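So the sequences go chain by chain: A and B. Quick note on numbering: the first sequence equals residues 374 to 635 in my numbering. Quick note on numbering: the second sequence equals residues 327 to 523 in my numbering.
Where hints are given, some of them may not hold.
To be verified - Here are a few chain A residues that face chain B, going by a calculated C-beta distance under 8 Å:
| id | residue |
| --- | --- |
| 1 | Glu583 |
| 2 | Glu589 |
| 3 | Asn591 |
| 4 | Asp594 |
| 5 | Ser601 |
| 6 | Gln605 |
| 7 | Ile614 |
| 8 | Ile632 |
The hints are simulated quantities; they were obtained by calculation from the structure and are not laboratory data. Fair warning: this is a prediction, and the values are worked out from it, not measured in the lab. Glycine included, each C-beta is placed from N, C-alpha and C at the ideal position.
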Amino acid sequence: MKIIKIFLIAIFFSSSALAGSDGEIKLSKKVEPAKDCFEKVNRASFALNQGLDKVIFKPVAKGYRSLPSPIKSGTSNALTNLSNLITIPNNVLQGEFKKAGINSGRLVVNTTLGILGIFDVADKMGFPEYEKEDYGQTFGKWGMGPGCYLVLPVLGPTTIRDTLGSFANVMGGDPYYSLSVNGNNEYLDGKLYAATKTISAIDFRAKNIETLDNLEKNSVDFYASVRSVYLQDRENKIKNIQRGSIEVIYKEDEGWEEIDDK
Amino acid sequence: MKKLFSLFILLTISLTNINNAFSISPDVFIQSTVNRASLILSKDISKDDKMNQLKLIAKETVDIHGIGFYSLGAARKDLNENQKKTYSALFEKYFLKSFSSRLAEYTNPEIEVKNKEVLSKTYTIVSSVLISTAERPEVNINWRVYTKNPDNPLIRDLIIEGLSLARTQKEEFSSILSSNDNDINALFKVLEDFSKN
Chain A
374 MKIIKIFLIA IFFSSSALAG SDGEIKLSKK VEPAKDCFEK VNRASFALNQ
424 GLDKVIFKPV AKGYRSLPSP IKSGTSNALT NLSNLITIPN NVLQGEFKKA
474 GINSGRLVVN TTLGILGIFD VADKMGFPEY EKEDYGQTFG KWGMGPGCYL
524 VLPVLGPTTI RDTLGSFANV MGGDPYYSLS VNGNNEYLDG KLYAATKTIS
574 AIDFRAKNIE TLDNLEKNSV DFYASVRSVY LQDRENKIKN IQRGSIEVIY
624 KEDEGWEEID DK
Chain B
327 MKKLFSLFIL LTISLTNINN AFSISPDVFI QSTVNRASLI LSKDISKDDK
377 MNQLKLIAKE TVDIHGIGFY SLGAARKDLN ENQKKTYSAL FEKYFLKSFS
427 SRLAEYTNPE IEVKNKEVLS KTYTIVSSVL ISTAERPEVN INWRVYTKNP
477 DNPLIRDLII EGLSLARTQK EEFSSILSSN DNDINALFKV LEDFSKN
């Protein structure tokens, strides 16, 4: 029932966007500048996260990186397999029924033959490359703009739309959350769910140590760089722009044309 | 008169051929540029020496002036001639340091050009991949090449895994300006400090 409310809110905002609202959330094909409505609070939150990262997350991620490769890849595979539980309903909500079918097949194969997803057997069997989807992306695909940019303590960068997407997860949109926290069964519980999410964050941080170090070192405003990178990445994911493909984003950016006209 | 005319025609044809001989395809241009950079990065020399040699390549192959004014966004319209000159000089120093420092982190990177797509007369996107190693996965890199002068193509942007470096830089500058009441001197100071440190 709760998830229906979330969807109704999302549809309301989507319809407003389609109606051509000039408010915070609107649909546009042009590259819009980031709407940082709470920049002061966001910067404070970002500073807190940087402190936490320095003291806790980065050292833990470095430790994780020193684990043997099979353990790291097995963990990463299992987490990816689990994320199918969110991707599949979102494939359906976005009308991507073929992808939903492929990802369901991937989930079944990897959970059984791949021993809870530790081994990516589906990949070896020739299943197409896996692309994660979430409720924030679905809302974006339905025409809902990102709204204000937010930096949440510990959780990091997001937008109003993506936060709404995360609420959809805990309100019934994520079967793993529902079974763990509300499922009342002997195998899964809230602690296991929290542990999974923590490992997932460490895995992400470990994969991006050099990238983030490099970005920080070469930025004149690291906060603005992270915001830009986050918003560009979400934009690409919503448009389902394949990694490395040439897409409309380059053609839409009129700033280059103005340089040529001067 | 007929001989003179023939000589003129011959000369025109020769000049056209010379011009064509110097024209370089954007994908070949990118492959040759990354090969040159890769050679420097694989050398057994200090990081500072690598950065200095990379800066020379960047000066030849990157449209630093164009990227600088793109990064400034709408603020470029408000600059007077003196401010434009100051900005161009500061931006070049900033860009060369940032660019060479980013690249110098890699040792012997192998980049393979895959294909190209002509967006317009002035732009071609060249797609390439940074080949994976044991430490990192394969990385997709697209290059926005400015081809207004086909004899001298120039790099205007790197799009790494779909993320545009020029756009990121533009948003950084915009953030600095907006948090300083659009005072261009604040941006000048930030660029100067970055280049000094």
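Against the structure, the hints:
1. The closest approach between the C-beta of A:Glu583 and any C-beta of chain B is roughly 7 Å, which is under the 8 Å cut-off, so the hint is satisfied.
2. For the restraint placing A:Glu589 at the interface with chain B, the shortest Cβ-Cβ distance is roughly 12 Å, beyond the 8 Å limit, so the hint is violated.
3. Interface hint at A:Asn591: satisfied, since its Cβ lies 5 Å from the closest Cβ of chain B, which is below the 8 Å cut-off.
4. At its closest, the beta carbon of A:Asp594 sits 5 Å from a beta carbon of chain B; the interface hint therefore holds under the 8 Å criterion.
5. With 8 Å as the threshold, the beta carbon of A:Ser601 comes within range of chain B, its nearest partner Cβ sitting at about 4 Å, so the hint holds.
6. Proximity of A:Gln605 to chain B holds as hinted, the smallest CB-CB distance being about 5 Å (cut-off 8 Å).
7. With a cut of 8 Å, the hint placing A:Ile614 at the interface with chain B holds, because the nearest CB-to-CB distance is about 6 Å.
8. The criterion of a C-beta within 8 Å of any C-beta in chain B is met by A:Ile632, whose closest approach is roughly 5 Å, and the hint holds.
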